[in-house]
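Could you build all of it, start to finish, from the sequences and the hints given here?
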Amino acid sequence: MLVRSAPPEILETLFSRLSGTGKVYGPVRQGKAVRFLPLSSISDAELSYQRTVLPPKKFFLPPGETLLTFAGRGEWRVPDEEDERIVLFGLHPCDLHGIEILTVFMSDAVPDSPFLRRREKAFIVGLSCLPDDKCFCRSMGCQTSEKGFDIFITLLGDRVLLRAGSPEGYRLLRMLDGEAREPSREDRERLLNFHRLRNESFTLSLDITDLPEVLDLEEESQVWEELGNRCFTCGNCSIVCPTCSCFNVVDIPSFASGETKRVRTWDSCLFRSYALVAGGHNFREKRAQRVKNRYYHKQKGFVEGFGKPSCVGCGRCISSCPAGIDVVSVFKRLTEAYAK
Amino acid sequence: MSKPKVGFFGLTSCAGDQLMVLNCEDELLKIAGEFEICEFTMAISGHYDGNLDVAFVEGIVAHEKDLKTLEDVRKRSKILVAFGTCAAYGGLPSMEGKFDFNASLKKVYGEETDFLKKLGTRRASPIDRFVKVDFVLPGCPVERDEFLITLASLRKGTLPEFFRRPLCCECKEKENVCLITEEGEVCCGPLTNSGCGARCPSLGSPCAGCRGPLEEIHFDAKAKVYETMGMPLEKVVEKMKNFSAPAWVVSGMEGK
Amino acid sequence: MTRISDNPYVPRKAVLLSRKELSPTCTLYRFRGEGRGPFSFTPGQFLLLTVPGVGEAPFSISSAPSEDGTFEFCIKRVGRVTDHLHRSAREGDVFGIRGPYGRGFPVEEMKGKDVLFIAGGIGYAPLRSVLLHLLKERESVGQISFLYGVNTPVELIFRDEVREQAEAGTVHYWISLMEGDLDDFPAPWSRGLVTDFIPRVPADPENAIALLVGPPVMYRTAVEKLFEKGFREENIFLSLERRMECGIGKCGHCAIGYRYTCVHGPVFPYFEAITLTEAI
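Protein chains in written order, with the numbering used here: chain A, 40 to 379; chain B, 126 to 381; chain C, 2 to 281.
Hints in this document: simulated from the structure, not taken from any laboratory. Treat the hints with caution; some may be incorrect.
In silico SDA-like cross-links for lysine to any residue, where the CA-CA straight-line distance does not exceed 25 Å [claimed, not checked]: (1) C:14 <-> A:347; (2) B:364 <-> A:268; (3) B:299 <-> A:124; (4) B:364 <-> A:363; (5) A:97 <-> B:329; (6) C:77 <-> A:316; (7) A:347 <-> C:277; (8) C:77 <-> A:319; (9) B:155 <-> A:319; (10) A:325 <-> C:221; (11) A:347 <-> C:259; (12) B:190 <-> B:243; (13) A:97 <-> B:328; (14) B:281 <-> A:108; (15) A:300 <-> C:11; (16) A:97 <-> A:111; (17) B:281 <-> C:14; (18) B:364 <-> A:267; (19) B:281 <-> C:78; (20) C:77 <-> A:318; (21) A:339 <-> C:77; (22) A:71 <-> B:243; (23) A:160 <-> A:111.
Here you go:
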């Protein structure tokens, strides 16, 4: 599709075009945290951010979403739909992959229409990045993105490349023709250099080629027991994961209005209550079983069901684990044990 | 349907949970309209000896009179709610579980402790040590929203369902940077009941564990979580014990 | 991208037609689903029942598919929602239902074969849906044997139906009790485990299907004894219980490996179930 080269100032034009189509969200630094928040100008955004605390799934599967409201006896309604289009500006390739994985999952069998409606309404602008010591997206094939964006921006010093990924993105890029041009030979060289630099900057990697098979052999590995002893099952890794979408549903009555809201809340398979059924039987009573289940689901179960792992290598689970557990070294231990 | 009869009781406590009820100013008239408030230690003088549909009991058992009140309330109530962290887990008054009980008494009251003996002073304990508890509303104080949701459920003839996750989940949903990994703080978030919206960590202050321990913590004395941060589990448990010492003693975490 | 029409989280209405106490803890509720066209299901499928203002929970349908839009749940009092139902549900009350969801029992495959039912406790409820369906055309299948295990006589639900079918000879029952006695009952019974009967049941394993619903521990023993008897893996079907919040493969709670009990089950042929880690 269409690719354009322009000076960085074009981002201001792009932003004003986008803000005419809907509310624009982008990475904003607040203290040590970077969060996707509403932008009032392009200067609010931190274009060189590393990773946000929460992934963009919060826009499509909001934490604490009201699914239904129960009024009187036998009366219920769905909440009014937000009609406004949203623009998500500055999503890294790993997050674009995360959204794609969730979209595939949510479209399977019986589609989750609240999620999919929000996804359809979003205009997504991707943004290039360089890895830090917690990124392993390249190992997961998520360091670059071929879909899941309307426009993708690659920052190349005093030039930016703008790439269209959808008909809407194409139309918008065309409107910027006055300030942009065909990429020059020099632009191409810069892009190749950027790719080289990015690829050479990874310090963390994991070979997942045979991982599902290794996992089949390591069901009884001591690794799971040890992890079970270390992990507090606090759920941080699930909450910040771009592809974790498990939820719990609770009906919450309001004293003031007398109405009851059915709310879905982000859940985690690490919690003791997760596989507990009425009557008291727990299908994954032990912490080690639950930790193992999470790893198996990401790197084996999802592969069997959907053809690829549901991990994008964004590094959020590593950076947010209070116990310092790191997914890469866990799998490395397994594959090494296998190799011996 | 007649109005459910409720009572609010304060055992030994700061009465902060009862005060929270009185602070529901916008809802107070509605509460009084939809429930028959028969007893309220902090707000109503006089006695009521009849049966109750629901009793909210705040505080710990610290002497014989507390115990008598508690047992009497239990006998008269269909549903007994442990109201606040003291009643549920022991709270701050039960911290003394860490020290020698008699030595503590002497330190506070001097050598003349006869009057305490007359009161039947005992080691502070959460109420489930003595009576069956039907429902727990933790918090120091109880969250106003959770209290009102509980009332709304009771009016429908049921008890509410609160999804208790580790506090970390609410903290992450607020998009806070982790105080453990980023600041090296001793934070009780991973061990503590959610429900407060991670109020303290959102203001930059580590969780003190005031909402009490998650159910599972009782079962597991092995998590070595903080060691990698140069922060041994003992330190965290020590901090957790401020609000829920009896639970940790029972779980065998004492001294670990 | 998939186009989205209906919101799968919105229940349709169902009116409670009647309720009948089956035991101190189990009640049979009869509902009529309203709106949105005919209501059809396969025995073994489940619905999510909403008690408005209280909550939602999944239940297997325990009646046979019928034309009139009615269906029954046999519900045991074990949690918040079921407790509220038992205490408060009145005829004419409006509830919400979602579904039917999941994969049911292979009723078509049963034609011309002997059918062996094995139920533990409340496991009778979903199997009753299959049984009543088969009894509508009794001659379509061979011998029907039903092994039914409960802890105490009072837990023997649908006792009148069981008695009637046993007396008519349409179904051969074997009943096991952990304690207590069954006086004057027209079917063989004994103390012990329901699986103890398996070797004694006259069934041609070459031409029979076994349907199992009960606790996980029952499955292990039952399958072992069915193998000893000569049953093949593909002729044994069992229904797995898991926690479910959504019923449509989204909430994750019922996942076993890459399978979702709510979508790919709850009924699994044994040869599939055995491939799922933690399944039984």
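Hints versus structure:
no.	hint	in the structure
1	C:14 <-> A:347	violated, 39 Å
2	B:364 <-> A:268	holds, 20 Å
3	B:299 <-> A:124	holds, 23 Å
4	B:364 <-> A:363	holds, 20 Å
5	A:97 <-> B:329	holds, 23 Å
6	C:77 <-> A:316	holds, 13 Å
7	A:347 <-> C:277	holds, 19 Å
8	C:77 <-> A:319	holds, 13 Å
9	B:155 <-> A:319	violated, 37 Å
10	A:325 <-> C:221	holds, 21 Å
11	A:347 <-> C:259	holds, 12 Å
12	B:190 <-> B:243	holds, 11 Å
13	A:97 <-> B:328	holds, 22 Å
14	B:281 <-> A:108	holds, 16 Å
15	A:300 <-> C:11	holds, 13 Å
16	A:97 <-> A:111	violated, 31 Å
17	B:281 <-> C:14	holds, 20 Å
18	B:364 <-> A:267	holds, 23 Å
19	B:281 <-> C:78	holds, 18 Å
20	C:77 <-> A:318	holds, 10 Å
21	A:339 <-> C:77	violated, 36 Å
22	A:71 <-> B:243	violated, 56 Å
23	A:160 <-> A:111	violated, 32 Å
Checked against the numbered hints above, the structure breaks hints 1, 9, 16, 21, 22 and 23 and satisfies the rest.
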